[in-house]
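Just need the whole structure built from these sequences, with the hints factored in.
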Amino acid sequence: MWKTIFPMIVWSLLVVCVAGGATSQTLNRVVLYNRSHYSVHIIAYDPTCRIRVYQGLLAEGSSIIVRVCASNRRLGSLIVYDVHGRNLRFSKLHDGSQVSVRFRNLSNR
26 MWKTIFPMIV WSLLVVCVAG GATSQTLNRV VLYNRSHYSV HIIAYDPTCR IRVYQGLLAE
86 GSSIIVRVCA SNRRLGSLIV YDVHGRNLRF SKLHDGSQVS VRFRNLSNR
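Under this note's numbering, the residues of the sequence shown are numbered 26 to 134, in order.
Between beta-carbon pairs, the in silico distance windows are:
(1) His62 to Arg98: 33 to 43 Å
(2) Arg99 to Ser125: 16 to 26 Å
(3) Gly86 to Val108: 16 to 26 Å
(4) Cys74 to Gly121: 14 to 24 Å
Calculated directly from the structure, the hints in this document are not laboratory data.
These numbers come from a predicted model, not from an experiment.
Virtual Cβ for every residue (Gly too), placed ideally from N, Cα, C.
So, in structure tokens, the structure goes:
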């Protein structure tokens, strides 16, 4: 019995190792512009790889470049949160995409 099961286990592990090593994650560069009329504290989150790609202050009219993971179709996505928990979602981002972030100022109400 072990003569038939052991080779199948080894073959399965070999296939998993080779397949896992052959694929690599593609990263797309995305430019984030702050179109708000004030500086905003944001968190940019990549839902594909489930990681935070930026956290900090984005000054009025400035931009930053973040890298997001791409799917099989070479498209990424991004969720941008402000300090009040509001979010903007962007999908189908290819390498070199530009997205504008604009949040209303809640302190002016």
